[in-house]
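> If you want the building blocks of each chain, they are given just below.
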Amino acid sequence: MSALQDFVTLTLVKAAPLIFAALGGVICERSGILNIALEGQLTIGAFTGVAVSFATGNPILGLIAGVAAGALGGMLLGFAATRFGVDQIVAGTGINLLALGGAAFGLTVVFGQPGASSEVPALGSSGEYALIIAAFVAALLLHVALYKTPWGLRTRASGENPRAVRSAGIDPRTVRLIATAIGGGLAGLGGVYLSLGELDLYSDGMTAGRGFIALAAVIFGRWTPLGATGAAVVFGALAALQFVLQRTGVSTDLMQALPYLAALAALTGIAGRTRAPQSDGVPYTE
Amino acid sequence: MLLAGANPLLGFYALFQGALGGKSQLAETLVQTTSLLFPSLAVAFAFRAGLFNIGAEGQLIIGGLMAGVIGSQLNAPGFIAIPILLLAGAFGGAAWSSIAGLLRARFGGSEVIATLMLNIIAALLANYIIVDLMKAPGAAETAELPHSSWLPTLIPGTRLSIALPIALALAFVLRYIFDRTVFGYELRAAGSAPEAARRAGINLPKMAFTAMALSGAMAGLGGATIVTGVLHRFNVSLSPGYGFIAIAVALVGDLDPIKIIVASFGFGILQSGALTMQALAQVPKDVVSFVEGLAILALAARSFVAERLRAQPAE
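Going line by line, the protein sequences match chains D and P. Taking my numbering, the leading residue of the first sequence gets 8, the next gets one more, and so forth. Taking my numbering, the leading residue of the second sequence gets 520, the next gets one more, and so forth.
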């Protein structure tokens, strides 16, 4: 393969988990829940996938369990925010701590060793490529679902004007709860991709801030599935470039900061008018 | 703990033995209390102004970085060096949080997103400066600070320094500011009733910027006290997440500076006992951050439950 082909492949490999997590972020934010726990949901998915694959010997079961666990992590945020009046930011921070500590603790429980799990049956490179394709398919599906279906309309309306949704006889809190479940599940799938797709083990800190890069991609992509996917691919290309440069011995600490700096820049509005959904992060109470 | 196959009673015993079992253990718990108190006050200060500063972690790192980088180059008598380093830390933290403050005040950008991003940028920047620019040999840390720059200890032979009384004094000053000054009143008004505050002539963007900068200064000061009082050098992993745990501490303390002192002590026990627990009872120390996450969720839901309970008709 040529160097360019290598680079494109690596870009897609690095972009896929960002796409999953960013799509999860888009759904949540469009419904009115600012999900800063994407990082935690990636961690939950990555660890659960490995633990279940280890226990059953079947990486497909690991994948399903990882997605389900991510969805539960999302619903934890959803329940806290919609039913228990917990501030979304506070709950998200709590879930991030919970997930990181829980996975590190889980390593000792399941594998009897801290730091990293042993190698488990994984999805292999064909599974990895299938997941990369799935990421782009998910983006298209979400685009259609958000803009062409009643569910999408309800979800978007809950994020813009939940009172209007309520007067249409639908409880926006339920809409938001469903959004956090789907969003958390997508982030969980991103985690499974990291642990069972790209690798075959879980190690502490392996998500490495991707949940926050995904948040940046959501903003840069202006809260749309296709926009966020595009931003995730750009950030994936940056990661691929770092990987190439690292091999030549160039320091990449500053390059790693680029996605986060891009998010800061987006907050100033230089990338055009960026506006979060009107009720993004605003609790709905009756 | 049961899950980890350890005896939970032994685990708890080890936790408290490790945190409170003797003079040196108690001193170490107070060290952790101090390191938590600064960022917790920072978080509470910003929350009171209606700002979600979840960037105390990054501000603490930048504060520590300033103190460590300057401190390792500076050889001056303590009464000159120590104030310079503490101020440098506070300044660094304030500068860092001001980026988020500026984005919020000038562009209306979400301080949540900004501080989240700044946390990670701070860690990367620290790594870049220490490893790539200063070419740290071996571990990613600065050289040791000269002894004259070390904070004086309160109990000889321990790491407990005058950082503790400084943090306590800061808590009382904040309590005074909140309760007794016009600025504190305006700050709380901007936080609890922004529309009313605006109509009353309070400049909300300016208030947001000021509150954010002061909040960052407190977290940065905390980072500087870890460098000058605890580690005596800057290390890129100087914080085990103090800035995030601080959110739990601030909530447990009802955003009240005095209650936050007590809450910091409680979490300080967890932090310092965790290592002993791991060694004695084979309970992994990560269980503590799991517990802290749970605590954040449970405590944040507490007011809701309390409201529901109050809403029950009295029998």
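Source of the hints: derived by calculation from the structure; they are not laboratory data. These numbers come from a predicted model, not from an experiment. The beta carbon of each residue, even a glycine, is placed where N, CA and C say it ideally should be. Treat the hints with care, as some may be off.
[As the list claims (entries may be wrong)] Derived CB-CB ranges, DEER-like: (1) Gly256/D / Glu714/P: 18 to 28 Å; (2) Phe702/P / Glu293/D: 35 to 45 Å; (3) Ala659/P / Leu147/D: 38 to 48 Å; (4) Ser756/P / Gln253/D: 13 to 23 Å; (5) Thr156/D / Ala659/P: 48 to 58 Å; (6) Tyr136/D / Ser543/P: 50 to 60 Å; (7) Gly657/P / Val151/D: 51 to 61 Å; (8) Ala171/D / Asn722/P: 50 to 60 Å; (9) Asp698/P / Gly119/D: 33 to 43 Å; (10) Phe143/D / Gly541/P: 55 to 65 Å; (11) Val15/D / Tyr704/P: 52 to 62 Å.
> All hints are to be evaluated individually against the structure, with a verdict given for each.
Verification of the supplied hints:
no. : hint                            : verdict
1   : Gly256/D / Glu714/P: 18 to 28 Å : violated (56 Å)
2   : Phe702/P / Glu293/D: 35 to 45 Å : holds (36 Å)
3   : Ala659/P / Leu147/D: 38 to 48 Å : holds (43 Å)
4   : Ser756/P / Gln253/D: 13 to 23 Å : holds (21 Å)
5   : Thr156/D / Ala659/P: 48 to 58 Å : holds (50 Å)
6   : Tyr136/D / Ser543/P: 50 to 60 Å : holds (56 Å)
7   : Gly657/P / Val151/D: 51 to 61 Å : holds (54 Å)
8   : Ala171/D / Asn722/P: 50 to 60 Å : violated (33 Å)
9   : Asp698/P / Gly119/D: 33 to 43 Å : violated (53 Å)
10  : Phe143/D / Gly541/P: 55 to 65 Å : holds (60 Å)
11  : Val15/D / Tyr704/P: 52 to 62 Å  : holds (59 Å)
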